[in-house]
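Enquirer: As given, the protein sequences belong to chains Z, S and P, one line each in that order.
With the UniProt record's numbering applied, the first sequence covers 1 to 94.
With the UniProt record's numbering applied, the second sequence covers 1 to 79.
With the UniProt record's numbering applied, the third sequence covers 1 to 189.
Because the hints were derived from the structure by calculation, they are not lab data.
Hints should not be assumed to be uniformly reliable.
[As the list claims (entries may be wrong)] Pairs of lysine-lysine, DSS-like flavour, derived with a Cα cap of 25 Å:
1. P:LYS80 x S:LYS24
2. P:LYS121 x P:LYS137
3. Z:LYS86 x P:LYS80
4. P:LYS80 x P:LYS101
5. P:LYS101 x P:LYS52
6. P:LYS121 x P:LYS16
7. P:LYS80 x P:LYS180
8. P:LYS6 x P:LYS101
9. P:LYS6 x P:LYS88
10. P:LYS137 x P:LYS88
11. P:LYS80 x P:LYS137
12. P:LYS137 x S:LYS68
13. P:LYS80 x P:LYS121
14. Z:LYS86 x P:LYS101
15. P:LYS23 x S:LYS6
16. P:LYS180 x P:LYS52
17. Z:LYS61 x P:LYS6
18. S:LYS24 x S:LYS68
19. Z:LYS61 x S:LYS6
20. P:LYS80 x P:LYS23
21. Z:LYS86 x P:LYS121
22. P:LYS16 x S:LYS68
23. P:LYS80 x P:LYS6
24. Z:LYS61 x Z:LYS86
25. S:LYS6 x S:LYS47
26. P:LYS180 x P:LYS121
27. S:LYS47 x P:LYS52
28. P:LYS121 x P:LYS23
[Claimed, not checked] Okay, the calculated bits of chain S under chain P, using three or more residues with CB under 8 Å as the criterion:
29. 5-18
30. 54-62
[What the hints assert, rightly or not] Interface residues of chain S toward chain Z, partial, derived using beta-carbon atoms under 10 Å:
31. MET1
32. SER2
33. ASN40
34. PRO42
35. ASN44
36. PRO46
37. ARG51
38. ASP65
39. TYR67
40. LYS68
Bear in mind the structure is a predicted one, so any value in this text is a computation, not a measurement.
Every residue, glycine too, gets a C-beta built ideally from N, C-alpha and C.
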Amino acid sequence: MTEKQPSKQNETTQAYYTLLEQIQALDFVLVELTLYLGTHPEDSQAIQQFNTTSLQSNQLKQQYQQLYGPLYQFGASPSGTPWNWKDAPWPWQV
Amino acid sequence: MSTYRKYYRPFIGPFDPCSPIQWKSYETPPQLYLGFQPYNLPQNSPKEALRTGTLWPALFAPYPDPYKVSTSEEGEEQN
Amino acid sequence: MWVYEKKLQYPVRVSKCDPMMAKYLIEQYGGADGELAAALRYLNQRYTLPEKVIGLVNDIGTEELSHLEMIATMVYKLTKDATAEQMKEAGLGAHYASHDKALYFNDASGNPFSATYFTAKGDPIADLYEDIAAEEKARATYQWLINMTDDTDLIDSLTFLREREIIHSQRFREAVEIIKDDQSTKKVF
């Protein structure tokens, strides 16, 4: 049994947290705009901001996933070999 | 702009067992006043938005410790 | 369907081992005004709301699931390395006897989660007014929780969650304005 993955410990570095927080910040803007657009569907400037922010977030996520593995499942992120979706850390652990 | 917290003086009975709190307060955050959010309100940066919990400063409400802040001076300002 | 994102909505840090605070925080996990009740309330209401506001209610319900995960993270971190003795001292002896460190959907007094915490009346005004009230009650719960801790990292995450209740309340209030508006009446006789 090799359940322990000490190599993964190095994910909890400053660079990891910095990149993660950048993604969290952009995705938070997207959550806010999503709810806002739910009641303001005609605000074209907000829609434009939503689309630009979505692109920026996707770029950062590509970078993140190359370094730390998939963020999404069911095919929304590509997998490494071996299958790395199951790898720690999980969000509640970091 | 409306205040985030309102104060009132509760009745203090002569036989109240705990040391009386002179001013009581309750929260009145901005969603009570904004109405339908207008277009193009000023925004926080993404980082600041995440930190404060909203993209729009107009919808932000701080929450300082009510047991520390509700002194009588603070109270008098706000009725 | 839903797709899981392997990240929290907001970073959750806890600066001390404090199982007693976990006992109180569980109110927002399996309590009447907690995040599970919120998520289930909105995701269940969306089937019978007017088209104009389904998207909003769907998305707020989804965001609530991410808040449920944040609360779970706080509870997990606050109890992870607590000893049986520390659990007892924190008033979590009864919990420990039945669940060890596993999370359980109950409120801070130990009452198990119940579907009676929310409703779907089928009347859009009644349902949206319940939603607004639920957000204000959850905001109040976060305030009382913040008042009970001096852990600045925990206060940081709880303050974020409190602010989200304000935003959700704002949006539900706007949803009411949208569906009560005469322009919504497109039916022509």
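Enquirer: Now tell me if each hint is right for this structure.
Expert: Now for the hints, and whether the structure bears them out:
1. Restraint check: the Cα-Cα separation between LYS80 of chain P and LYS24 of chain S comes to about 37 Å, which exceeds 25 Å; the hinted pair is violated.
2. At most 25 Å may separate the alpha-carbon atoms for a hinted pair to count; LYS121 of chain P and LYS137 of chain P meet this at roughly 19 Å.
3. Our distance criterion of 25 Å between C-alpha atoms is met by LYS86 of chain Z and LYS80 of chain P, whose separation comes to about 21 Å.
4. Note on LYS80 of chain P and LYS101 of chain P: the hinted pairing holds, with a Cα-Cα distance of about 7 Å set against a maximum of 25 Å.
5. A hinted pair counts as satisfied when its Cα atoms are at most 25 Å apart, and LYS101 of chain P with LYS52 of chain P does not qualify at roughly 43 Å.
6. Straight-line distance between C-alpha atoms of LYS121 of chain P and LYS16 of chain P comes to about 43 Å, which puts the hinted pair past the 25 Å bound.
7. Taking the CA atoms of LYS80 of chain P and LYS180 of chain P, the gap is about 49 Å. The hint is violated against a cut of 25 Å.
8. A C-alpha spacing of about 22 Å is found between LYS6 of chain P and LYS101 of chain P, which places the hinted pair at or below 25 Å, so the restraint holds.
9. With a CA separation close to 33 Å, the supplied pair LYS6 of chain P and LYS88 of chain P exceeds the 25 Å bound.
10. Taking the CA atoms of LYS137 of chain P and LYS88 of chain P, the gap is about 30 Å. The hint is violated against a cut of 25 Å.
11. In summary, the hint linking LYS80 of chain P to LYS137 of chain P is not supported, as the alpha carbons are separated by about 29 Å, beyond the 25 Å threshold.
12. The hinted pair formed by LYS137 of chain P and LYS68 of chain S meets the criterion: a straight-line CA distance of about 23 Å does not exceed 25 Å.
13. For the hint pairing LYS80 of chain P with LYS121 of chain P, the CA-to-CA distance comes to about 40 Å; that exceeds 25 Å, so the pair is violated.
14. Distance hint between LYS86 of chain Z and LYS101 of chain P is fulfilled; the C-alpha atoms sit about 22 Å from each other, no more than 25 Å.
15. Between LYS23 of chain P and LYS6 of chain S, the direct Cα distance comes to roughly 30 Å. Violation of the 25 Å bound is thereby established for this hinted pair.
16. Of the pairs offered as hints, the one joining LYS180 of chain P and LYS52 of chain P holds, with about 11 Å between alpha carbons and a cut-off of 25 Å not exceeded.
17. Simply put, LYS61 of chain Z and LYS6 of chain P have alpha-carbon atoms about 11 Å apart, close enough for the 25 Å limit, and the pair holds.
18. Restraint check: the Cα-Cα separation between LYS24 of chain S and LYS68 of chain S comes to about 12 Å, which is no more than 25 Å; the hinted pair holds.
19. Of the pairs offered as hints, the one joining LYS61 of chain Z and LYS6 of chain S is violated, with about 44 Å between alpha carbons and a cut-off of 25 Å exceeded.
20. For a cut-off of 25 Å, the pair hint linking LYS80 of chain P to LYS23 of chain P stands: about 13 Å separates their Cα positions.
21. Under the criterion of a C-alpha separation no larger than 25 Å, the hint pairing LYS86 of chain Z with LYS121 of chain P is inconsistent with the structure, at around 41 Å.
22. As the CA atoms of LYS16 of chain P and LYS68 of chain S are separated by approximately 23 Å, the hinted pair is consistent with the 25 Å bound.
23. For the hint pairing LYS80 of chain P with LYS6 of chain P, the CA-to-CA distance comes to about 20 Å; that is within 25 Å, so the pair holds.
24. Note on LYS61 of chain Z and LYS86 of chain Z: the hinted pairing holds, with a Cα-Cα distance of about 18 Å set against a maximum of 25 Å.
25. For the given pair, LYS6 of chain S sits about 30 Å from LYS47 of chain S by alpha-carbon distance, which is inconsistent with the 25 Å threshold.
26. Under the criterion of a C-alpha separation no larger than 25 Å, the hint pairing LYS180 of chain P with LYS121 of chain P is consistent with the structure, at around 17 Å.
27. A threshold of 25 Å between alpha carbons decides the hint, and for LYS47 of chain S with LYS52 of chain P the separation of about 31 Å lies outside it, so the pair is violated.
28. Pair hint LYS121 of chain P plus LYS23 of chain P does not hold up; C-alpha atoms about 32 Å apart against a cutoff of 25 Å.
29. With 0 residues having a Cβ less than 8 Å from any Cβ of chain P, the region 5-18 of chain S misses the three-residue criterion, and the hint is violated.
30. With 4 residues carrying a beta carbon less than 8 Å from a beta carbon of chain P, the region 54-62 of chain S meets the three-residue requirement, and the given coverage holds.
31. This hint is violated: MET1 of chain S has a C-beta 21 Å from the nearest C-beta of chain Z, more than the 10 Å allowed.
32. For SER2 of chain S, the interface hint is violated, the least distance from its beta-carbon to any beta-carbon of chain Z being 21 Å, above 10 Å.
33. The interface hint given for ASN40 of chain S holds, since its Cβ lies 7 Å from the closest Cβ of chain Z, which is under the 10 Å cut-off.
34. At a threshold of 10 Å, the smallest CB-CB gap from PRO42 of chain S to chain Z is about 13 Å, leaving the interface hint violated.
35. At its closest, the beta carbon of ASN44 of chain S sits 9 Å from a beta carbon of chain Z; the interface hint therefore holds under the 10 Å criterion.
36. This hint holds: PRO46 of chain S has a C-beta 4 Å from the nearest C-beta of chain Z, less than the 10 Å allowed.
37. Annotation: interface hint on ARG51 of chain S holds; nearest CB of chain Z at approximately 8 Å, less than 10 Å.
38. The beta carbon of ASP65 of chain S comes no nearer than 26 Å to any beta carbon in chain Z, farther than 10 Å, and the hint placing it at the interface is violated.
39. Interface hint at TYR67 of chain S: violated, since its Cβ lies 30 Å from the closest Cβ of chain Z, which is beyond the 10 Å cut-off.
40. This hint is violated: LYS68 of chain S has a C-beta 29 Å from the nearest C-beta of chain Z, more than the 10 Å allowed.
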